[in-house]
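K.L.:
Those protein sequences? They're chains F and Y, same order as listed.
Residue numbering for the first sequence follows the working numbering, beginning at 452 and increasing consecutively.
Residue numbering for the second sequence follows the working numbering, beginning at 52 and increasing consecutively.
Think of the hints as simulated: they come from the structure by calculation, not from any bench.
Please read these numbers as outputs of a predicted model, since none were measured by experiment.
Backbone N, C-alpha and C define an ideal beta-carbon position, used for all residues, glycine too.
Be a bit skeptical, because a hint or two may be false.
Claimed, not checked - Computed Cβ-Cβ distance ranges for the label pairs, DEER-style:
#1 Y:Leu153 x F:Phe568: 15 to 23 Å
#2 F:Gln691 x Y:Gly207: 48 to 56 Å
#3 F:Ala468 x Y:Arg111: 31 to 39 Å
#4 F:Ala503 x Y:Pro122: 15 to 23 Å
#5 Y:Pro193 x F:Arg581: 41 to 49 Å
#6 Y:Arg128 x F:Ala468: 18 to 26 Å
#7 F:Asp456 x Y:Ala77: 16 to 24 Å
#8 F:Ala712 x Y:Gly147: 45 to 53 Å
#9 F:Phe568 x Y:Val203: 30 to 38 Å
#10 F:Asp584 x Y:Glu64: 30 to 38 Å
#11 Y:Arg111 x F:Pro736: 42 to 50 Å
#12 Y:Leu153 x F:Val835: 54 to 62 Å
#13 Y:Glu64 x F:Asp532: 18 to 26 Å
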Amino acid sequence: MRSGDRLDVRGGLERLAGHPHQVLTWVGDDGYPVSVAVQATVDAVAGRATFAAPAGLAVATDREVSLTGSHIRPQPGYGYDERRHVTVWGRAAVIGDGQLTLRGLHAWGWDEAEVPFFEYSERSLGQSRRYFDALSAERGTPVKPRLSLGWLALRATRLPFLSATIVPVLIGIAIAATHGSFDPLAAVLTVIGAALVQLGLNVANDVFDAQLGADDANVTPTQFSGGSRVIQYGLLSLRQMATLAAVFYLAAAAIGVVLLAIRGSETLLVIGVLGFVVSLGYTAPPLKLVYRGLGEIAVAIGFGPLMLLGAYVVQTRGVLSWEPVVASIPVALLVALILYVNEIPDIRGDARAGKRTLPVRFSRVTVVRGYDIAVALAYAAIVVGVGAGVLPLPALAVLLTIPLARDVHAGLMPNYDNPYGLMAVMGRNIKVHAYAGLLLLAAYAAVLIAGAVAPSLNLFLG
Amino acid sequence: MASLPEPVERLLEAALVGDLTVVNRAGRPITYPLIPLYDGERIFLTSSVLFSRKLEHIKRDGRVALSLTDPIALGGRADRATIQGDARVIEDDPHGGWERLLPIWEKKEPAIVAFLRARVALPLFFERSLIEITPRRAFYWPAGRADEAPVVTELGKEAA
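With the sequences and hints as input, model every part of the structure.
P.N.:
See the structure below:
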């Protein structure tokens with residue numbers, strides 16, 4: 452059995468034996484606990500610990516006593532680590548020669564080497580809820596945990612993930628600009644509208660994952676995975692989050708209507724409707740795309756072609772071309788890989804909740820191979836696009852992110868079962884998408900600059 | 052209220068961790084490692100709401116003991132002590148009420164201030180209640196040896 456919970460007596464005694472001293476505790480006749488450090492000889496197989504009776508103190512033999520071992524490692528200027536403790540309860544008996552023996556009855560303990568502190572905290576959420584419920588009942592008014600509004604907004608909306616939207620939208624706008632179409636007001640509205648769609652998606656995702664049990668089942672969330680947790684932590688209610696999601700979607704829809712009015716086209720309408728369906732259907736019933744192993748495809752389509760082409764056709768008033776389609780392929784693949792990698796630490800919780808993501812469905816070897824293939828395809832799309840004369844030559848700069856992607860590949864297998872070890876890998880993977888997108892954007896900035904200062908310079912092959 | 056013996060006070064000030072024992076409904080001792088914070092009169096500990104079971108026990112029975120026994124957590128000191136006392140839970144403001152102890156806490160764990168600034172990362176850890184212990188009796192082992200009887204100091208029952 453893992454620590455952080457009840458242990459079997461033998462396991463508890465074995466852990467106790469690993470401590471250089473133990474704290475013997477019993478409740479005295481006056482009701483106060485008495486504790487004294489002893490050095491016990493542990494026989495875990497026999498289920499007992501033997502130690503010298505402490506001088507000057509009468510150890511209770513008619514009630515349960517406990518032996519506790521605890522350990523920390525002080526870290527100057529930091530605090531401590533290597534936290535672990537274990538307690539074994541049992542009856543003490545005098546066995547002669549001033550010796551006492553404790554026969555173990557039950558045990559409990561925690562070792563952060565086995566259950567990391569963050570997981571231990573997540574496993575304790577029920578106790579937190581009971582605490583606030585009891586305090587609320589005692590006071591006759593709701594008492595809830597709090598965060599400042601700024602931090603709460605950041606956490607609830609997962610604002611830092613907006614790069615997934617900003618990157619493709621700016622690329623779409625930039626490509627349109629190189630094609631001679633640029634309306635600054637429409638560009639600003641597009642960025643805001645697309646960001647609102649993603650914020651709606653982020654919040655709605657938490658609402659439906661809470662309703663479907665996926666976030667509750669996840670005890671190893673990280674800063675990149677497992678949702679915002681604001682519902683699980685009691686910081687916001689399900690209803691508040693549902694309202695917030697609706698507000699974001701309504702605001703996005705309002706901007707969409709304005710864009711249709713000022714730069715409208717049938718193509719934009721189709722993209723807008725598709726985007727809304729993919730965004731909401733990502734987690735929401737009946738589609739629940741991410742629960743069916745279609746989350747990566749939904750994200751690839753939503754944050755790749757739909758965002759990029761949507762931004763493009765706003766500027767061109769519905770005129771399409773192959774260039775934004777091709778440019779959206781690497782962006783789509785790399786953004787889907789963010790989700791794909793971020794789903795790895797959630798495997799256990801997702802599987803329990805019936806969220807059949809690709810990492811839940813496939814073996815680790817297949818998952819890592821899947822990453823390799825998808826990331827290779829993303830870079831191949833750039834090379835082929837440039838080679839075919841569809842993408843500008845400076846787009847090859849995207850290949851500079853290959854070492855970062857290689858780092859992600861290298862970090863996946865060793866950290867596959869360690870959600871907290873994966874955090875650095877997930878962070879790098881997000882950078883692959885962001886840096887690749889920014890380099891692609893920079894390529895189009897170069898095309899624009901070249902067009903302005905040296906119109907005869909052709910940055911496309913062929 | 053009589054003061055704790057001076058060496059016990061020094062141990063409290065040095066201790067990075069002590070073992071708090073409370074008594075559960077069944078009369079069984081339950082022990083939790085916590086950072087003891089001493090203001091010269093009372094001992095304070097804080098408990099996150101995540102690990103607040105101990106608070107339920109204290110609210111039902113305030114008789115507790117705090118033992119200081121680990122030479123590593125005591126900065127190499129070999130002497131040991133156990134302090135019995137009456138505990139009460141202070142939970143007027145779990146969000147920020149405990150922060151008045153930050154100056155004492157920071158002396159033992161300097162990083163706590165930086166952690167608190169990043170409370171968004173683990174918000175429930177920083178929703179905390181205070182445990183205030185009024186010492187009633189102290190057991191002190193100058194050499195830290197259990198085969199020597201402790202020096203016992205009665206601190207009285209009068210209200211502080």
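K.L.:
Take a look at whether the Cβ-Cβ distance between F:Asp584 and Y:Glu64 falls inside 30 to 38 Å.
P.N.:
Distance hint for F:Asp584, Y:Glu64 holds at roughly 37 Å.
K.L.:
Does the hinted range 15 to 23 Å hold for F:Ala503 and Y:Pro122 at CB?
P.N.:
19 Å, holds
K.L.:
Is 54 to 62 Å a correct range for the gap between the Cβ atoms of Y:Leu153 and F:Val835?
P.N.:
58 Å, holds
K.L.:
Measuring from beta carbon to beta carbon, are F:Gln691 and Y:Gly207 in 48 to 56 Å?
P.N.:
Between F:Gln691 and Y:Gly207, where Cβ atoms are some 51 Å apart, the hint holds.
K.L.:
Can you let me know if the beta-carbon spacing of F:Ala712 and Y:Gly147 is within 45 to 53 Å?
P.N.:
48 Å, holds
K.L.:
Is 30 to 38 Å respected by the C-beta to C-beta distance linking F:Phe568 and Y:Val203?
P.N.:
37 Å, holds
K.L.:
Per the hint of 41 to 49 Å, is the separation of the Cβ atoms of Y:Pro193 and F:Arg581 within bounds?
P.N.:
The hinted range 41 to 49 Å holds for Y:Pro193 and F:Arg581, with Cβ atoms some 43 Å apart.
K.L.:
Per the hint of 18 to 26 Å, is the separation of the Cβ atoms of Y:Glu64 and F:Asp532 within bounds?
P.N.:
About 22 Å separates the Cβ atoms of Y:Glu64 and F:Asp532, which means 18 to 26 Å holds.
K.L.:
Is the distance from the Cβ of F:Ala468 to the Cβ of Y:Arg111 consistent with 31 to 39 Å?
P.N.:
The hinted range 31 to 39 Å holds for F:Ala468 and Y:Arg111, with Cβ atoms some 33 Å apart.
K.L.:
Does 16 to 24 Å hold as the CB distance between F:Asp456 and Y:Ala77, or does it fail?
P.N.:
19 Å, holds
K.L.:
For the range 42 to 50 Å, tell me whether the beta carbons of Y:Arg111 and F:Pro736 fit it or not.
P.N.:
Cβ of Y:Arg111 to Cβ of F:Pro736: about 44 Å, so the range 42 to 50 Å holds.
K.L.:
Against the range 18 to 26 Å, how does the distance between the Cβ atoms of Y:Arg128 and F:Ala468 compare: consistent or not?
P.N.:
24 Å, holds
The structure agrees with every numbered hint stated previously.
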